[in-house]
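Chains R and F, in that order, are what the protein sequence lines are.
In our numbering, each residue carries its 1-based index in the first sequence increased by 153.
In our numbering, each residue carries its 1-based index in the second sequence increased by 179.
Worth flagging that the hints you see were computed from the coordinates, not collected in a lab.
None of these values were measured; they are calculated from a predicted model.
C-beta: ideal position from N, C-alpha, C; glycine also.
Be aware that a few hints might be false.
In silico negatives: residues of chain F with every beta carbon more than 10 Å from chain R [stated by the list, open to error]: (1) T354; (2) T378; (3) I379.
Chain R regions said to be covered by chain F (calculated; three or more residues, Cβ under 8 Å) [claimed, not checked]: (4) 179 to 193; (5) 228 to 236; (6) 244 to 255; (7) 265 to 276; (8) 280 to 293; (9) 331 to 341.
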Amino acid sequence: MDKMIATPAEAVADIGDNATVMIGGFGGSGAPVELVHALIDRFVKTGTPRNLTVVNNNAGNGHVGLAAMIEVGMVGKLICSFPRSADPRVFTQKYLAGEIELELVPQGTLAERIRAGGAGIPAFYTPTCYGTELANGKPTAAFDGRPYVQERWLKADFALVKAQLGDRLGNLTYNKAARNFGPLMCTAARHAIVQVSKVVPPGTIDPEHVITPGIFVSRVVQVQNPAQEELLNRAGATYP
Amino acid sequence: MTASDDLKLSNAQIAWRAAQDIADGAYVNLGIGFPEMVARYQPAGREVIYHTENGILDFGQEPPAGEEDWDLINAGKKAVTLKPGSAFFHHADSFAMVRGGHLDVAILGAYQVAQNGDLANWSVGAKGVPAVGGAMDLVHGARRVAVITEHVTKSGEPKLLERCTLPLTGVGCVTRVYTSLAVVDIEGGRFVLREKLPTITLEKLQSLTGAELVLAGPVADLIVPEL
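Okay, chain R solo, but in the shape it has when bound:
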């Protein structure tokens, strides 16, 4: 078994029009910048993939990464909890112009919907958002005297995730709080595509320290010294 792919471009080569793509990261922390930019490169060159549904906690910042994906026009819908950032202009302008659809999801519900998708649980109940406008249209039920809102699982065709160490079997570790949505999205996507800062031989990662077991991962591509989105933005970077 060898899940290694040579380049980010090859790793994202089969993501097609209308796909649902989960993208890891909380703001810039954990954002898989090189995988996202490889996808943008293909769109700019070929016009595909277009009309993507993207799942991310945020809506991009500045003009790199997810913001750049939105800016070039390849995202039709965004599912997120907090579409604001230090520089949210790209998403804000598209949204106010009616050029991108937004599904706003409370952050914990977003995480749990992805977890449920990965665990084969089609729906669950939570008190979160009960009695608010985000519960409109959702079934409710009382359990032990308390009201709850039904939420559905969230699955994707692909996940783009940034990890720290990875082996050819897809076992992963993460870097600090960059872990955030990565382990969940790997479970909920048909194909989890992971960029790692360093590839190591199987057995190098202590089994006690494996955060994402390889069964959840389809492809691993090494990106040494990956870009940190926050630093790109502080430098005023744009992409492409």
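Take the given structure of chain R and dock chain F to it, following the hints.
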């Protein structure tokens, strides 16, 4: 009608007052922005563990400029540091801590709070881009949900109301409100006044409040140091 600045607490003083009620050994989540100030005024001798939604327990203050690690941030996306005994975890574990009732206290900001404990703090209901983050999760997860806020809006409108008029974050979730003028508990669908600035009369305070302030037991003076 507004309370003049010399007759109300600063944000730092409101945060200080809220910090006094956080017990030794508590697990605490502080909302983005103003509530983050509460950590600065944690009384000496108490060990409090702060949780941030993006996946850290027991994080500390900002690092010096130039020493930031942008994989080590809090929910407000500010760089933080770690304390001995800190832990990382993914987002579903993070919100299991929230939604599973494992946090002792959450302290949040507010646009409006109602006497039945309803909170509005995520949307002013106008046009623009809506954003909710973890607020709707926090209000139903922590064992105690407290609000820190100015007593009235910038234009002098009451923020403590019989019913919220802005979109709700959660229903019946707030148990205590620390304002620039008073400390108010929410009990049995009523605002119960616990402390007020000694410089404000009860009548004046009531006139700045959009629902009845109930007196149930003694009302203490709200005494806060200069900060």
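Any hints from earlier that this structure breaks? Give me their numbers in increasing order, please.
Violated: none.
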